[in-house]
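Here are the chains, one letter per residue:
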Amino acid sequence: MMRLNILRLAGVLALALAFAGAAQAEPYLAAQMGLKCVQCHVNPTGGGMRTVFGNTFAQTQLAAKRIGGEEDMWTGQVMKFLSVGGNARANYNYTDVPNQDSANDFAVEEARAYLDFGVIPNRLSVYIDQRFAPGNSTNLEANIRYWITENSIYVKAGRMYLPFGYRFEDDNAFVRQLSGINMQAPDEGVEFGFETGSWSTQFALSNGTAGAPEVDEGKQITARTEYAGSAWRVGVSAVSNDTDAGDRFGAGLFGAFRLGPVTLLGEVDYFDDDSIGIEGRKLMASLVEADWKVLQGHNLKLTYEWLEPDDDVDEDEQTRTSVLYEWSPIQFIQLRGGVRFYDGIPQNDLQNRTQAFVQLHGFF
Amino acid sequence: MTIQFNRLLPVKGTIGLAFMLALASCTAGDGTGLDAGGRPVPPGPPANNDFQQIQDTILTPSCSGCHQGANAPQGLRLDAGNSYALLVNVASAEVPGLMRVNPGNPDTSYLVQKIQGNAAVGVRMPANGPPYLSQVQIDLVRGWIAAGAPQSAAPADQLVVASSIPATSEQANAGLGKLTIIFNGDVDSSLANTNAFALRDANDRLVNADVRVPVGRPNVVEITVPQPLAAGSYQLSVHGDGPAPLADQSGHVLDGDADGKPGGDMLIPFDVKPIANEGAVR
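These protein sequences, in sequence, are chains A and B. Just so we're aligned, residue 2 is where the first sequence starts under the numbering used here, counting upward by one. Just so we're aligned, residue 562 is where the second sequence starts under the numbering used here, counting upward by one.
Worth double-checking, as some hints may not be accurate.
As the list claims (entries may be wrong) - Within a straight-line C-alpha distance of at most 20 Å, the following computed EDC-like cross-link-like pairs (lysine to aspartate or glutamate) qualify:
| no. | chain 1 | residue 1 | chain 2 | residue 2 |
| --- | --- | --- | --- | --- |
| 1 | B | 822 | A | 97 |
| 2 | A | 220 | B | 771 |
| 3 | A | 283 | B | 596 |
| 4 | B | 822 | A | 72 |
Worth flagging that the hints you see were computed from the coordinates, not collected in a lab.
Let the hints inform the model, and build the full structure from the sequences given.
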């Protein structure tokens, strides 16, 4: 029986590797392994529920060691047409703002569950991403995904995260705040995706209201394309939103490559936003990240971010430097901890705060 | 172990490394010539106190008698806590193509047209005139708008909620779909989100809402709900505590509990009235 299960596992891995497809909510993993988002996530643009391969990867490649028997291999599929998944992050946070008393608290950063009803296997799915904490239950994604041709062309409609740049786990990254496209701000619309060889391309048409009710005639167009090679990758993305408050256009360049045990990622985004202030603003943000796989199950992450909140104003730039360590002792558990140093203009205390956290991350 | 850099750093890797190094070379600004919000300090004399004078000598004595509370005409409340936020860069309800106050341009400000008596819609203000405002008073308003409609002479050193619509314990009219929170300073819009604002119903259930700082009104936060709120009791929390508390553009964290120090939550309970004939015997 054990031999049969090992063979089954090997078969699943081989099958999944055969389908070169898309990225991860931790895009460094995709870059490290030379994978595309769609290989580990049912959402072809990454994040959220994991595929059979993604779950297998989490148990055999991400964790320092796997406990339990081969017959306990979790795939997410609880029955033929239904897969489930989830993420929970429990934090201890410490914040130090100059000239203020420091603050610390325990908090549930997120607890969310995923359901994927694969009513026609590999072709038609109804997908739900529901956040249960913090706050009351909130739907973040609810969409129908139809693969017009299996593993290559799909259409997705409903509430979804839009495709732009890298889908980092950290929604507070400057690049994710600047674009406003992150895993806290889904939008409602339709997305077309193309997965061909090493390329992933998406086009989305949405309300452009970050999930809020539509208030005007204008719509948002978002596009992203990425070439994902085995050792390096590069992509571009663009967004244009026509609103009564002003037009908003953004473009981004992102890429990554492997250097031995270290994976380097970078993204730079530019926005011309007429909806800010009276005259509008031109903004930029960048991120560079280095992930060093110290040992299996151990990752040291360094990030350096830069934000230009108004290109017409000098000396207003901000930076954020983070040092994080991620340890995955066994499958589906991660202990994360780190410090983030904000550096901004000396007149603004919040722009010069320091945050530290320890996080227990459970996922499946 | 010998690392063979020639094999690790092909041309693509070198280009990529240069790209990463370029991104890592950008630094924070030193803040020269900027205020605490990161905006350029305007040249010339500091902002004037004209609006306070306008509030004290015109809006409060002549206008706020009618323009206050839940039934203020056109939703325009002109009491001291609300007037600035509901005038400057806010579209007129009678002529939506015009701002009530269009900073820098008194002639296209609907407020000026109303007090001068040349507005396209409605009567000249004050509605109980004559007497109307004196030319000196009108010129004071025009001069303030021409100067850019500044709010006050000195920035606040602490962020507090100046007013809200509906107000604390107010019985709001049926059909309420938007809450307006007015602060004494300009809010850091990146912090104005559902982490800092939570609207709950009588059963303590979170009400789905959109939180935004409207364009041109940086001291205002609008909370919009998808459907008008049903009749009942609600409470809005504005958080000055937690890992991402609300703060102004100078980094002053909200003093929510009014203890004179940053921190604490501001709680705004209110009720929504039922529709007039709701529950009537038919």
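Okay, the hints, checked on the actual structure:
1. Using a Cα cut-off of 20 Å, the hinted pair residue 822 of chain B and residue 97 of chain A holds, with the two alpha carbons roughly 16 Å apart.
2. Taken as a hint, the residue 220 of chain A and residue 771 of chain B pair is honoured in the structure, with Cα atoms around 17 Å apart against an allowance of 20 Å.
3. Distance restraint check for residue 283 of chain A and residue 596 of chain B: the Cα-Cα separation of roughly 19 Å lies within the 20 Å cut-off, and the hinted pair is therefore satisfied.
4. The straight-line distance between the Cα atoms of residue 822 of chain B and residue 72 of chain A is roughly 58 Å, outside the 20 Å bound, and the hint therefore fails.
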